[in-house]
Amino acid sequence: MDLNLLRSEPYNRQNLSRQDQLHENIEIFSDRLNHASLIEGIRNSKAQYHIFEHNDMDHLSSLLEATDIDAPKLIICESIYSMDGDISPIKELCDLAEKYNAMTYIDEVHAVGLYGENGGGITEREGVSDRITVIEGTLAKGFGLCGGYITGSAALIDAVRSNAPGFIFSTTIAPPIVGAAIASIRYVCEHNELRISHQERSNKLKQMLRDAGLPLMETSVTHVVPVLIGDPIRCKQAMDMLLEDYDIYIQPINYPTVPKGTERLRITPTPLHTDALMLDLVEALVEVWGRLELKLAA
Numbered sequence: 001m002d003l004n005l006l007r008s009e010p011y012n013r014q015n016l017s018r019q020d021q022l023h024e025n026i027e028i029f030s031d032r033l034n035h036a037s038l039i040e041g042i043r044n045s046k047a048q049y050h051i052f053e054h055n056d057m058d059h060l061s062s063l064l065e066a067t068d069i070d071a072p073k074l075i076i077c078e079s080i081y082s083m084d085g086d087i088s089p090i091k092e093l094c095d096l097a098e099k100y101n102a103m104t105y106i107d108e109v110h111a112v113g114l115y116g117e118n119g120g121g122i123t124e125r126e127g128v129s130d131r132i133t134v135i136e137g138t139l140a141k142g143f144g145l146c147g148g149y150i151t152g153s154a155a156l157i158d159a160v161r162s163n164a165p166g167f168i169f170s171t172t173i174a175p176p177i178v179g180a181a182i183a184s185i186r187y188v189c190e191h192n193e194l195r196i197s198h199q200e201r202s203n204k205l206k207q208m209l210r211d212a213g214l215p216l217m218e219t220s221v222t223h224v225v226p227v228l229i230g231d232p233i234r235c236k237q238a239m240d241m242l243l244e245d246y247d248i249y250i251q252p253i254n255y256p257t258v259p260k261g262t263e264r265l266r267i268t269p270t271p272l273h274t275d276a277l278m279l280d281l282v283e284a285l286v287e288v289w290g291r292l293e294l295k296l297a298a
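Residue 128 in this note's numbering sits at position 128 of the sequence shown, with consecutive numbering throughout.
Treat the hints with care, since some could be wrong.
Under the rule of at most 27 Å between Cα atoms (straight-line distance), these lysine-lysine pairs were calculated in the BS3-like manner [as the list claims (entries may be wrong)]:
# : residue 1 : residue 2
1 : Lys141    : Lys204
2 : Lys295    : Lys236
3 : Lys141    : Lys91
Just so you know, the hints here were simulated from the structure itself, not pulled from any lab data.
Based on the sequences and whatever the hints tell you, model everything.
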């Protein structure tokens, strides 16, 4: 497969007539903490794949170096990892992709609408959007609806339209959702003050949790606020107590979404959560921690 086939236009449609030609002999390089949906897609591709340690560019480089320079390659990662709240080193990843003649696929699902001056995500914030072969996003989360999208070259998008069973045999998004999505995207793009407020609220909540001695997971440098419990049963009990006794819903995260022993509550404040609301949350968490005899941070 000509690696430039999916990067440039115009192109010869006959070259895209068979699905196996799109990924014949391609090798995929996937971050160890990639989302289950990405892993499932990689497995369904039947392509050979390699797993590099999370955000470890040295390990990725060694895997790429051991691969034929002329072989088609695709590096897949997320921009924000939604369980730990950390960020991929996308610039370094792009440098490696260019060095080893690889394509790149970035999942921006947890960043679109929330980062970048126009809400384009971490790739926009870092100024590397034009260096990414495929950017995947969602109309949920930051845009508040459902559905999703990918961006890329005209040739790549046409290849997906023509060859991806998951797209071809899916029902289209309903017109009201499309209209709502257009309105939501326009609004989010034009209101960068929401992103500024969102970051301020998240950082404020993190500090309130630290001050209360609650075990905030410091891996997070984003709006994701994970609080470690480390036990699946008590994680579910904490969620139930918060909902039943305090009218607060927080999603518990257990295995297999996260490794055993790292079960957590994942909090995602919004620009509309006031200091008073966050204080109520922190006080409720402290009480739940005491009732369940959970450890506070040292």
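Proposed proximity, Lys91 with Lys141 (alpha carbon, max 27 Å) = Holds, because 25 Å separates the two Cα atoms, which is no more than 27 Å.
Quick one, are Lys295 and Lys236 close enough, alpha carbons at most 27 Å?
-> Answer holds: Lys295 to Lys236 is near 16 Å, not above 27 Å.
Within 27 Å, alpha carbon to alpha carbon, are Lys141 and Lys204?
-> holds, 21 Å
Of the numbered hints stated above, none is contradicted by the structure.
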